[in-house]
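Asks: Respectively, the protein sequence lines represent chains A and B.
Counting from 3, one number per residue, gives the positions in the first sequence under this note's numbering.
Counting from 11, one number per residue, gives the positions in the second sequence under this note's numbering.
Please note: incorrect hints may appear among the correct ones.
[Unchecked claim] Ranges of calculated distance between the beta carbons of each label pair, as one might list FRET restraints: (1) B/A15 - A/P134: 29 to 39 Å; (2) B/P160 - A/R233: 51 to 61 Å; (3) A/L37 - B/A15: 34 to 44 Å; (4) A/S11 - B/V48: 41 to 51 Å; (5) A/W225 - B/L237: 37 to 47 Å; (6) B/S99 - A/Q103: 32 to 42 Å; (7) B/T225 - A/L37: 23 to 33 Å; (8) B/V223 - A/A140: 38 to 48 Å; (9) B/S99 - A/L60: 33 to 43 Å; (10) A/L37 - B/A219: 51 to 61 Å; (11) B/M59 - A/D19: 34 to 44 Å; (12) A/V88 - B/E12: 16 to 26 Å.
The hints are simulated quantities; they were obtained by calculation from the structure and are not laboratory data.
The beta carbon of each residue, even a glycine, is placed where N, CA and C say it ideally should be.
Here are the chains, one letter per residue:
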Amino acid sequence: MDGTFSLLSWGDTGWSDDLFWGIVTTLKVSVSAYLIALVFGAVCAVGKQSSWRAVRFLAGIYTTVVRALPELLVILLLYFSIASGVERLVKALGLAGETFQVSPFWAAVVALAFVSGAFLAEVLRAAYLAVPLGQIEAGLALGMHRAQILLRIVAPQMIRHAIPGMGNLWLEMTKESAIISVLGAFNDLLYVGYRAAAGTRQYIFFYGLTAVLFLMITAVSVWAISRLERRFSRGYR
Amino acid sequence: MEALARVLGFLPSLLAAMPLTLFLTVTGVVFGLLMGTVTAVAMVYGRRMTAWPAKAFTFAFRGTPLLVQLYLIYYGLGQVLPGTFIRHSFLWPYLRDGLWYAVFALSLNQAAYNAEVIRGAILAVPKGQIEAAMSVGMRPFTILRRITLPQALRLCLPVLTSDVIILLKSTSLASTITIMEMMGTARMLQRQSLLIFEPLIAAGLLYFAVVVVLTRVMTVVEYRLTLYRQPARPQQG
Numbered sequence: 003m004d005g006t007f008s009l010l011s012w013g014d015t016g017w018s019d020d021l022f023w024g025i026v027t028t029l030k031v032s033v034s035a036y037l038i039a040l041v042f043g044a045v046c047a048v049g050k051q052s053s054w055r056a057v058r059f060l061a062g063i064y065t066t067v068v069r070a071l072p073e074l075l076v077i078l079l080l081y082f083s084i085a086s087g088v089e090r091l092v093k094a095l096g097l098a099g100e101t102f103q104v105s106p107f108w109a110a111v112v113a114l115a116f117v118s119g120a121f122l123a124e125v126l127r128a129a130y131l132a133v134p135l136g137q138i139e140a141g142l143a144l145g146m147h148r149a150q151i152l153l154r155i156v157a158p159q160m161i162r163h164a165i166p167g168m169g170n171l172w173l174e175m176t177k178e179s180a181i182i183s184v185l186g187a188f189n190d191l192l193y194v195g196y197r198a199a200a201g202t203r204q205y206i207f208f209y210g211l212t213a214v215l216f217l218m219i220t221a222v223s224v225w226a227i228s229r230l231e232r233r234f235s236r237g238y239r
Numbered sequence: 011m012e013a014l015a016r017v018l019g020f021l022p023s024l025l026a027a028m029p030l031t032l033f034l035t036v037t038g039v040v041f042g043l044l045m046g047t048v049t050a051v052a053m054v055y056g057r058r059m060t061a062w063p064a065k066a067f068t069f070a071f072r073g074t075p076l077l078v079q080l081y082l083i084y085y086g087l088g089q090v091l092p093g094t095f096i097r098h099s100f101l102w103p104y105l106r107d108g109l110w111y112a113v114f115a116l117s118l119n120q121a122a123y124n125a126e127v128i129r130g131a132i133l134a135v136p137k138g139q140i141e142a143a144m145s146v147g148m149r150p151f152t153i154l155r156r157i158t159l160p161q162a163l164r165l166c167l168p169v170l171t172s173d174v175i176i177l178l179k180s181t182s183l184a185s186t187i188t189i190m191e192m193m194g195t196a197r198m199l200q201r202q203s204l205l206i207f208e209p210l211i212a213a214g215l216l217y218f219a220v221v222v223v224l225t226r227v228m229t230v231v232e233y234r235l236t237l238y239r240q241p242a243r244p245q246q247g
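Generate coordinates for the entire structure from the input sequences, incorporating the hints supplied.
Replies: As structure tokens, this is what we get:
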């Protein structure tokens, strides 16, 4: 047992520091991907309500197709196409020199966000529809601008309806970010666990530890989400 | 046009891998439903000694990435099993194949998600019905078998349906533990043909087709199982 725990020392001989930075990387990827997914989701949710048929159609295609394909497949597809696509685009527009390169980190983050965005769009759309139409009409009757109605009437009420779904998707995101370990280009938590397990042949120990660390991320998130939920639904209970 | 021809060229070998994907999905659904129901019953009706392990099981398997579970089961059992009696038993030829580890991991994962859904549905069955069953003298197990579970399972059918689709997509992760289902085959074709996108796009088309068919099938199943809820057909004549 002593031998196993010496594997956990901090520094070159042990894996504690690697695992710690693995958690940091996983959280960094999850947070950035989640924020970008919010943008994708919001744009798509607005698109689904659009009065233009073509926009509605495109938004529908995005959510249907992305939600029907395995995450691993979408991420592999996008990871390789985003980097080269954006590089070509930026160079063609003359925005950057020939040495310009998209970092693999952002390619992976955008790929993750693209997947999550499709699910977030549905959550946001449902939350928007949960706001009674009469309130929006009342806002219009008072002579508010559309932006004012969105900011003062719709958004505050949407948040309350959206938080459970958004919380679930955050939990999904922290777990989904483990998929990027398959790319082998990032030292995220699972990839560090994989290297540690393969390097020391202590598979149960290191994969078990990885699982426990992921559980800790989940447990803290669940706690934080329930706090947020309570805060945003005050006045309703 | 050429690219399209290349995509179509990959379809036959991917189609040949589809039965394996479906096999993983079906076994996951069946075992997941069985274990999930048992776990849900343990969570709702169990005393502390049965409810607690059931809750720990669902928390652990819902709180960690499926990829970690796959690695833990595949590499972890691979580390332990050869040292036990199983090495010399009739099971060994099967256990050298990664497939059974994937079936095991996917079933456990699915069971954890199903358990939580079924638990909610059991609690949603009207109390009056259970009291009525008790008053006609049914024993607790009979009530469970004839009153509670049939209704609970019908109540949560829509959620179970979307879980089946999530499971189908998750089977793609089995490709990371050497299983040549559709995703594994697509990645092998990538390496053989040195094409990045075409095999993935071909696989994506097939996954999409399966999801569309599966959604249709589940709609029919749901309709047949909830005939009592459908509006009555207009009387003939």
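Asks: Does each hint fit the structure? Answer for all of them.
Replies: Each hint, compared with the structure:
A hinted range of 29 to 39 Å is violated for the C-beta pair B/A15 and A/P134, which are about 53 Å apart. Taking the beta carbon of each, B/P160 and A/R233 are about 40 Å apart, not inside 51 to 61 Å as hinted. In this structure, A/L37 and B/A15 meet the distance hint of 34 to 44 Å, their C-beta atoms being roughly 40 Å apart. At roughly 42 Å, the beta-carbon separation of A/S11 and B/V48 lies within the given 41 to 51 Å, and the hint holds.
For A/W225 and B/L237, the hinted distance range of 37 to 47 Å is satisfied, since their beta carbons lie about 43 Å from each other. Distance hint check for B/S99 and A/Q103: the Cβ-Cβ separation is about 54 Å, which falls outside the suggested range of 32 to 42 Å. Hint check: B/T225 to A/L37, Cβ distance near 31 Å, so the stated range 23 to 33 Å holds. At roughly 46 Å, the beta-carbon separation of B/V223 and A/A140 lies within the given 38 to 48 Å, and the hint holds.
Taking the beta carbon of each, B/S99 and A/L60 are about 57 Å apart, not inside 33 to 43 Å as hinted. The hinted window of 51 to 61 Å between A/L37 and B/A219 is violated, with their beta carbons roughly 33 Å apart. Distance hint for B/M59 and A/D19: a CB-CB separation of about 40 Å, consistent with the stated range 34 to 44 Å. Judged by the Cβ atoms, the range 16 to 26 Å given for A/V88 and B/E12 holds: they are separated by roughly 24 Å.
The structure is inconsistent with the numbered hints 1, 2, 6, 9 and 10, although it conforms to all the rest.
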